[in-house]
Amino acid sequence: MLRLYDTRHRLVEPLLPPGSRALRAYTSAGLPGQVHADLIRRVLERSGVRVIACRDLAEDLTPLNVRPAEPVADGMPGALRLLGGRVDLYLSDTAEVVDDAAVRHHARSAATLDAPIPDDPLPVRLALMEHRYRDAATLTPDDLREAGDTIGRWRRKVAEWAEEPSSPIAKDHADAVNEAFDDDLDTPGALRILRALEDDREVPPGSKFETFLHADHILALDLSADIGRLPR
Numbered sequence: 414m415l416r417l418y419d420t421r422h423r424l425v426e427p428l429l430p431p432g433s434r435a436l437r438a439y440t441s442a443g444l445p446g447q448v449h450a451d452l453i454r455r456v457l458e459r460s461g462v463r464v465i466a467c468r469d470l471a472e473d474l475t476p477l478n479v480r481p482a483e484p485v486a487d488g489m490p491g492a493l494r495l496l497g498g499r500v501d502l503y504l505s506d507t508a509e510v511v512d513d514a515a516v517r518h519h520a521r522s523a524a525t526l527d528a529p530i531p532d533d534p535l536p537v538r539l540a541l542m543e544h545r546y547r548d549a550a551t552l553t554p555d556d557l558r559e560a561g562d563t564i565g566r567w568r569r570k571v572a573e574w575a576e577e578p579s580s581p582i583a584k585d586h587a588d589a590v591n592e593a594f595d596d597d598l599d600t601p602g603a604l605r606i607l608r609a610l611e612d613d614r615e616v617p618p619g620s621k622f623e624t625f626l627h628a629d630h631i632l633a634l635d636l637s638a639d640i641g642r643l644p645r
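Position one of the sequence shown corresponds to residue 414 (our numbering), numbered consecutively onward.
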């Protein structure tokens, strides 16, 4: 189960008590924080947790593959009304004091964006994942270009691997990726594992294909986009 750093307790703690299968989440943050909230939501939903989500940002974030959430116009009071008086996870990008009675867990997104969003915004998503969500990082145009190159390369490789004989998922790698996500949303760790898998000559291409698509349920980088489109 996913564990996150709580800013009040200064500990990495489970987001939910044992046996709980639903989480009420409110995100009050700019674009980087909204992407982090989506990653958290995807990790939880992969584990079978139902996430009831709302946010203070009304703009459409689907180009970033951020799943829809109910917009609230008046901050925490509106979130509490919508979520039934309790917020299990409050994710913000500020260090404000949080009411312990209403909020079970408070996490902070510390990244900022110092670059225009490209026409294809998914490089923003990957560039954010190169850093821990709670580590201060400022994304630059160079970061976005590098992330765009990585997405392009991975899409081509996934398309190439798709044409090779099928093989089972690379379980050790897939388990390690899942463990990284669960460990305080360690996205840099998950990406390191995938890069090592990409270059591992001992793993069949079909297994790489299955493992990258498995990870893309969380990454949400549309890594299958080039399947069937490679030049002959």
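Keep in mind the hints are simulated off the structure, nothing from the lab.
Do not rely on the hints blindly, as some may be mistaken.
Unchecked claim - Distance windows between CB atoms, simulated:
no., residue 1, residue 2, range
1, A638, E458, 31 to 37 angstroms
2, A508, E458, 17 to 23 angstroms
3, D612, P431, 35 to 41 angstroms
4, D532, R423, 37 to 43 angstroms
In this text, a Cβ means the ideal position worked out from N, Cα and C, and glycines have one as well.
Structure-based check of each hint:
1. At roughly 22 angstroms, the beta-carbon separation of A638 and E458 lies outside the given 31 to 37 angstroms, and the hint is violated.
2. Look at A508 against E458: about 28 angstroms separates their beta carbons, and that is not inside 17 to 23 angstroms.
3. Between D612 and P431, the C-beta spacing of about 39 angstroms keeps the proposed range 35 to 41 angstroms intact.
4. Restraint check, D532 to R423: a C-beta distance of roughly 40 angstroms satisfies the suggested window 37 to 43 angstroms.
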